[in-house]
Structures are given as structure tokens and as C-alpha cells.
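Enquirer: Each chain, written out:
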Amino acid sequence: AQSVTQLDSQVPVFEEAPVELRCNYSSSVSVYLFWYVQYPNQGLQLLLKYLSGSTLVKGINGFEAEFNKSQTSFHLRKPSVHISDTAEYFCAVSALGKGAQKLVFGQGTRLTINP
Amino acid sequence: SQTIHQWPATLVQPVGSPLSLECTVEGTSNPNLYWYRQAAGRGLQLLFYSVGIGQISSEVPQNLSASRPQDRQFILSSKKLLLSDSGFYLCAFFVGHNEQFFGPGTRLTVL
Numbered sequence: 008a009q010s011v012t013q014l015d016s017q018v019p020v021f022e023e024a025p026v027e028l029r030c031n032y033s034s035s036v037s038v039y040l041f042w043y044v045q046y047p048n049q050g051l052q053l054l055l056k057y058l059s060g061s062t063l064v065k066g067i068n069g070f071e072a073e074f075n076k077s078q079t080s081f082h083l084r085k086p087s088v089h090i091s092d093t094a095e096y097f098c099a100v101s102a103l104g105k106g107a108q109k110l111v112f113g114q115g116t117r118l119t120i121n122p
Numbered sequence: 004s005q006t007i008h009q010w011p012a013t014l015v016q017p018v019g020s021p022l023s024l025e026c027t028v029e030g031t032s033n034p035n036l037y038w039y040r041q042a043a044g045r046g047l048q049l050l051f052y053s054v055g056i057g058q059i060s061s062e063v064p065q066n067l068s069a070s071r072p073q074d075r076q077f078i079l080s081s082k083k084l085l086l087s088d089s090g091f092y093l094c095a096f097f098v099g100h101n102e103q104f105f106g107p108g109t110r111l112t113v114l
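If you read the protein sequences in the order shown, they are chains A and H. Using the numbering used here, read the first sequence as starting at 8 and increasing by one per residue. Using the numbering used here, read the second sequence as starting at 4 and increasing by one per residue.
Only true hints are included.
Listed next, the in silico EDC-like pairs over lysine to aspartate or glutamate satisfying Cα-Cα at most 20 Å (straight line):
hint : chain 1 : residue 1 : chain 2 : residue 2
1    : A       : Lys-109   : H       : Asp-74
2    : A       : Lys-56    : A       : Glu-95
3    : A       : Lys-65    : H       : Glu-102
4    : H       : Lys-82    : H       : Glu-25
5    : A       : Lys-109   : H       : Glu-62
6    : A       : Lys-56    : H       : Glu-102
7    : A       : Lys-56    : A       : Asp-92
8    : A       : Lys-56    : A       : Glu-71
9    : A       : Lys-56    : A       : Glu-73
10   : A       : Lys-76    : A       : Glu-27
11   : A       : Lys-65    : A       : Glu-23
12   : H       : Lys-83    : H       : Glu-25
13   : A       : Lys-109   : H       : Glu-102
Rather than coming from a laboratory, the hints here were simulated on the basis of the structure.
Let the sequences and hints guide you as you build the complete structure.
Expert: Set out below in C-alpha cells:
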């Protein structure tokens with residue numbers, strides 16, 4: 008079974024400052040890793056995903072994440088945030104292989120951008 | 004292109020009333036379909052998934068049930084709602100490499 012821990016439930020930052028949202032996972036098998044964003048009262052939108060290859064993954068809206076297998080982490084970063092980045096961010100994992108392709112989500116991190 | 008629809012968008016229901024939430028998918032055939040619930044201040048909990056018509060797997064015991072009467076239709080139901088059923092319900096389908104595409108969600112408030 009897999010589990011995901013998002014270490015911060017809320018992260019307040021000032022506009023144009025850098026931000027890092029932390030995610031650690033646990034799994035006995037290889038996994039795919041994802042970051043989703045949820046704007047208020049909307050569904051989830053995929054920001055980026057790690058499947059294989061380069062451990063630095065670039066996504067939409069200027070976000071990137073780095074997969075660290077030894078630390079079982081997949082932290083999300085952005086060098087300069089905007090007011091429009093205010094949202095909830097979810098880290099998720101899914102085990103490789105056949106089956107129903109289920110996602111296991113973390114509890115979410117609420118990112119608040121202050122002017 | 005692939006799209007996913009959920010309705011209603013919002014719903015307020017009294018305790019003990021029945022529930023039916025609908026999800027339909029376009030632009031794909033024989034998709035894996037999923038129902039999630041997001042309670043206030045919590046992450047997403049997988050409730051049900053389906054790999055084909057009439058095939059439903061339940062992830063957690065609860066007051067809800069799911070059905071898949073057609074290839075691209077997924078329905079979440081309850082005979083009698085509880086206060087604890089309040090939340091944001093999201094439908095999703097599998098798009099490849101274990102990635103899921105999510106619908107806009109239904110906000111359910113049980114009073």
C-alpha cells in the first residue's frame with residue numbers, strides 16, 4: 008500500500024517570493040508521482056507528473072518538482088508566485104503496474120499569496 | 004477531446020433523503036471511472052472505482068453506493084443521507100500512466 012504526507016497544511020507567502028510545498032511518500036513498489044491544484048469550488052487540475060527519467064519535472068504555470076528516491080520525496084517549487092497561485096495543492100502517488108490505477112492523495116497544502 | 008461532466012453542481016438535502024449524483028465522460032471508451040469525496044479540510048478519499056459496465060469496487064464501507072449502467076456513465080447514490088455525507092464529490096477517469104482527469108465536482112450539503 009502507498010501513503011502520502013504533505014508536511015504543511017497551510018503555506019502563506021508574499022507575492023513574487025519563492026515557495027516550496029513538501030511531499031513525502033511511502034511505498035513498497037515503484038510509483039508514479041503527481042501534483043494537482045484545486046482552485047476554490049473546482050475540480051483538480053494536473054500540474055505535473057513524474058513517470059521516469061529526469062528527476063526534475065517541469066509543469067504548468069511555472070511550477071516544477073524534484074523526485075528524490077532516497078528521501079522518498081517529491082517537493083513542488085516555484086521561484087516567484089503570483090496572486091493567482093492561491094489554491095490548494097495535492098500530492099498523489101500511484102503504483103506502477105496493471106490494475107485499476109488508483110491514486111493515493113496527501114491531505115493537501117493550502118497556498119495563500121499575500122500582496 | 005476528453006471531457007467529464009458532473010451534475011448537479013451543488014445540492015442541499017435533508018438528512019434521511021435519497022441521493023443521486025451523475026458523472027458522464029466524453030471522448031473515450033471503456034474508461035476506468037472513480038468517485039472521490041473531499042470532506043472539509045481533508046484530502047481526497049477514493050470511494051468507488053469501476054473498470055467496466057456493471058463492475059463496481061468499493062474502497063471504504065459507507066452509506067453510499069455506485070453504479071455504472073453505461074460505458075461512460077457513473078452514478079453515486081444513497082438511500083438515506085447522513086450529516087457525515089456532506090462534502091465535495093469528484094468524479095474522475097483514467098487517461099494513461101496512472102493519471103486521472105477530474106470533473107468539476109458536486110458540492111453536497113446535508114442538513
